[in-house]
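Asker: Each chain is listed here by its residues.
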Amino acid sequence: MTTSEATAPAAPVAKKGPNAIGITIFVLLLFALPLLLPVVLPLLGGIITLKPNFMIFQLTLVIIYAIAILGLNIVTGYNGQFSLGHGAFYAIGAYTAAILMDKLDCPYWLTIPISGVVCLVVGFLFGLPALRLQGHYLALATFALALAVPQLLKYNHIEWLTGGVQGIVIIKPDPPFGIKAINADQWLYYLALVVACIMFWLAINLIRGRLGRAMIAIRDHPIAAEVMGINLTVVKSMAFGISAAYTGVAGALGAIAIAFVAPDSFTIFLSISFLVGLVIGGLASISGAIYGGIFIQFIPNVADAISKAAPWAIYGLFLIAAVYVMPTGAAGLIKQWQAKRRAAKQ
Amino acid sequence: MEAFLHQIFSGLAAGGIYASVALALVMIYTATHHINFAQGEMAMFATFIGWALIEWGGLNFWVAFLLTIVIAFCGGFAIERIVLRPLHDKPVLSIIIAFIGLLVIFNALAGWIFGFTIKAFPSPFPTSPPFGNRFLNWHEIGTVGITVVVLLLLFAFFRLTPLGLAMRAAAFNPESARLVGIRVGLMLALGWGLAAAIGSVAGMLVAHVVYLDPNMMAGILLYGFASALLGGIDNPGGAVVGGFIVGVAENVLGAYVIGTELKLSVALVLIIGVLLVKPAGLFGRRIVTRV
Amino acid sequence: MAKLLDVKGLRAGYGQTEVLHGLTFELEQGGITTILGANGAGKTTTLRAICGMVRVAGDIVFAGQAIAGKATEDIVRLGVAHVPDGRGTFVQLTTEENVRLGAYVRSDKGQVAADLDRVYHYFPRLKERRMQQAGTLSGGEQQMLAISRALMLSPKLLLLDEPSFGLAPLIVQEIYRILRDINTKEKVSMLLVEQNANIALGIADHAYLLETGNIVMSGTSDVIKNDETIRKSYLGY
Amino acid sequence: MKGVKYLSSAVALAAAALVIAPAWAQKKYDTGATDTEIVFGHTGPYSGPASAYGTIGKAIQAYVNKINDEGGVNGRKLKMISYDDGYSPPKIVEQVRRLVEQDEVLFLFNTLGTPTNTAIHKYVNAKKVPHLFVATGATKWGDPKRFPWTMGWQPNYQTEGKIYAAYILENKPNAKIGILYQNDDYGKDYLKGFKDGLGSAGQKLIVKELSYEVTDPTIDSQIIELKGSGADTFFNITTPKFAAQAIRKAGDIEWKPLHFLNNVSASVGSVLTPAGLDKSVGIITAIYAKDPTDPQWANDQAYKDWSAWMDKYYPDGDKKDTFNVFGYNVSYTLVAMLKQAGDNLTRENIMKQAASLKNLNVPMLLPGINVNTSPTDFYPIEQEQLAKFNGKVFELFGKVYGE
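Chains as they are written, first to last, in my numbering: chain U, 1 to 346; chain V, 1 to 291; chain E, 1 to 237; chain R, 1 to 403.
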């Protein structure tokens, strides 16, 4: 997956072959992981003392964050629109899922696409006016969205629906068809993984397709794109809507995995985390979303392990160090390294 | 009626606070064309230094005030040189991540060094009500006064001095600026220093009103940001007016129109609405370029 | 006459790509030298290399001082003014602010005021538009602005990067007339880069021909003008 | 660690088989407990906007260090594993799962926050892990029927709200009440208790009810509005920063209501002093613990012990911070419960002992206020006493409310 970059429309398609094999192996490995972990982890004994179930749960979170970051990447990385507010769509997705399950007894798997569609519509409608703004102004608008959504969720008059400040507790799903071979954590992992595979596959096709090319054209040469007959407002709003849909799907998965939603889960720091994951993973890189997910899931834990006195100070140092060492994100660094290795081989 | 007037004046007082923070944002924007998300936390940290100088060092208010401004200037200068200099040719979003890093670092350090209990920050102004006026106190008048002074200084600096002109030039077009001999790197660092200094003034004025703690600036920065954008991010005067508009609008909306629960959301929606109509802010200049 | 600029074995480039492969040329005090060449020959890079705007190797001696590897700001302070490719207008500032910036490094304030008047005398159109936002000026006016800004440095050497580019012939003529004036009256040496060889050879006393990063021919303007190949490929008659 | 565990269970097994001595047989352990150690888990917001509460975890660790220096509990050292949850529900789920599944702690202690604890409520009860003395004032932690593994500690906010209501109904039946509350679970819990306490009279008595958000820079506008409503009684449900702002602003605009301040902010040193002691005169609050900044306790032995402990074990800590008293008190409760559990360190017995604390006297609680629990009563502290600020100290008055 690491080489399946689609950063530029002109990227040579010729090297698709080996990549496809690499991706297949990577994905197969991910699918085999829950079965491998219980075998491998005890062998590693002293090195990694993680328990398989817990690790599977953490990896599920990584996958969920990766989907959200991929969504942000679509609008920020490929379309060049800055968003500080994707936590809002994560929240909307999560609440849509939770409300559907809580009030309508909707099956959990159905809530995922519904959340995506809801966020698509909300994102598109938000984008239509807001994307006329640019740069810092768009940052303010999206920041306002991230701030307003948790407040709206608490709003008195819709408390019957959202549970107000108390949030909604939902039931964690068991594996379907009474399958006993895997436990609930493993099932959630598979669910997230399958959804992620679909979403990543769709994203790759989107970026390589007509809309993707239009998005990139707008990012790089907005005036030229307009002259070429691309409708800027519609394409930008579509990109924003699709991006929101991705984040909403992640939100729904997140709600199901955590089995609880509350306004406090979706503070502005969630939006900032997504942005951090995006930049540190790699802008305009499909695989970057995965590295970004890993970063925002694990680095706070590392910071906490280093210092209880001021874990945020450590986290901040990590952030600054990360942009020093890899200004183009982890994906960019890996690409450079691969290019060097290829050059060395020749 | 009296309550209404009271809300207006209280809004103006809050607006003075937003305006002073907005000025620091205008400063950094004019000098570097970035909006520094860590500006609020840097101001908070500088205010803690001022507090420590007064409480631990036993200094007179004005001595501590001036000393803090100098320390903040040096701190801002140093941060640009050490943290941001290596990033100057990196993508904008990388720089924004560095800002976020600075934000969390200052927030955590302040909590670690100074604790989280709120601290009273002294005011240099008399506590008695001025001219028998019940609506404003001396500190609020003083805040507005100092903000206006800072505004005038900023205006004069940017419009009338060669250094101010050079700073703007360096931010607008670094390459051309080098070609006339401007040391662009130095200008950026000076801009950071000045913005940090203005931020520290804002912080010390704000702290008396909202009490000093590590999260003091979290909410205020957003209002300052909104004020600056509403008034025009490259226009110090506009930013100050923007601050007053936001302060008053927020109070009036909260008290009479939509209630306190949603006032921030509605205020932000209104600001964005204004920006859609006037994209460069109420008083900002639209940049026209012939190609 | 003394050499003002002496360049030996100049190599320069961007990133991994080398654009100039060892240029050697010189410029005499008070003279006008032109570097001719096709698109992509390395003309702009040569000027940028002198100004320290690109990574360089080799020797560049200006007025007796080695300047290769120095920062742009420091080279400017020695009296090298650059009218860059694309004019480098500060579009958000006013015309007058643009012009004044040219004198940023000078400390002789009284003389600066006099120079401002002189520049406006050369370009009265700019004086009319003093308070106008520079981005709204026409292309020709912006070119005049760039030259004015460079003159405000009171330079020893003026580097000019295609001042005729994209301008109407009448305006080009006007600009070149003024440049010649400046050269004769103020004794400012000039290094001129042009695609329009005709007009460049009309003003310059020396010329170099650059092809893909190498100097392939040099001599006085008259010699170059009469060279068969030059006539065919660059002068078009 | 694993080795030790196997070894000890082997020993225990052998001992049980041989039936040598009853004392041996009584040693029963669940995961996290051994002959030498008791491992428990904790989470709190060391980072993020709620990091002001982070000091509680550090105080608990400091108290654990003190106990270990003194030889531990029944010969076993305490080991606290504490993680940062950033006050985020998703994060606490991860961290608590790490504590339970990976670190295999015996029990969870004093996890902080209402939304955070709600997120793990079901999980810990399904896993049957004791979830003890949680640091939140919500009411839902005392529900042994549905959630037999979760227990609160501090008096809950609703109870406190009811106390103020009772006082008003008794002493100022025609009050015109204005309320300011923080728009979150904490504020709304207080509000609900207060309204429940007023009962049907509430409709008539409450003239204005305003909220604020934690991101609001000031609450001046709300105070002006409350004054304008004609309220003569003020229920101030705010955290320290906003409480100090409210007290000062009310003084500045000469609004002099009968002022009830929630316990959360009832600190002489860190709220009333910054707000201005002269403006704080007459404020009524309900308290259950000793305020370390209230001069009336300066010569109290319990205060001196607390202060000495702070100096020795938590010198970085802020002595003005009431959270450090909170951490001390709740840790004291924990240690008392563990002593009572003896050598039977199963999760079941831990829960049983937690639910049978009888008249436990915690030194930094107010005299006469004790910790009491039973299998049907999962609210350890239910008593509070009203106090009025006289310009120097909070003077206790009236009866002790609660059973």
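Hints are supplied without guarantee of correctness; some may be wrong.
Under the rule of at most 25 Å between Cα atoms (straight-line distance), these lysine to aspartate or glutamate pairs were calculated in the DMTMM-like manner [said to hold, decoys possible]:
| no. | chain 1 | residue 1 | chain 2 | residue 2 |
| --- | --- | --- | --- | --- |
| 1 | U | 172 | R | 103 |
| 2 | R | 140 | R | 196 |
| 3 | U | 308 | R | 196 |
| 4 | U | 335 | V | 55 |
| 5 | U | 51 | R | 300 |
| 6 | R | 145 | U | 226 |
| 7 | V | 278 | U | 226 |
| 8 | U | 308 | R | 37 |
Please keep in mind that the hints were generated in silico from the structure rather than gathered at the bench.
Asker: Would the pair residue 308/U and residue 37/R pass a check requiring their Cα atoms to be no farther apart than 25 Å?
Answerer: 22 Å, holds
Asker: Compare the distance between the alpha carbons of residue 51/U and residue 300/R with 25 Å, and conclude whether the hinted pair is satisfied.
Answerer: 49 Å, violated
Asker: For the pair supplied as a hint, residue 308/U and residue 196/R, confirm whether the alpha-carbon distance does not exceed 25 Å.
Answerer: Violated, at roughly 40 Å.
Asker: Is residue 278/V close enough to residue 226/U, meaning Cα to Cα at most 25 Å?
Answerer: 22 Å, holds
Asker: Given the hint that residue 172/U pairs with residue 103/R, test it: the Cα-Cα distance must not exceed 25 Å.
Answerer: Roughly 23 Å between the alpha carbons, so the hint for residue 172/U and residue 103/R holds.
Asker: Is the hinted pair residue 335/U and residue 55/V satisfied, with a Cα-Cα distance of at most 25 Å?
Answerer: 54 Å, violated
Asker: Below or equal to 25 Å on CA atoms is what counts here, so check residue 140/R against residue 196/R.
Answerer: Roughly 16 Å separates the two Cα atoms, so the pair holds.
Asker: Is residue 145/R close enough to residue 226/U, meaning Cα to Cα at most 25 Å?
Answerer: 66 Å, violated
This entry does not satisfy hints 3, 4, 5, 6, going by the numbered hints stated previously.
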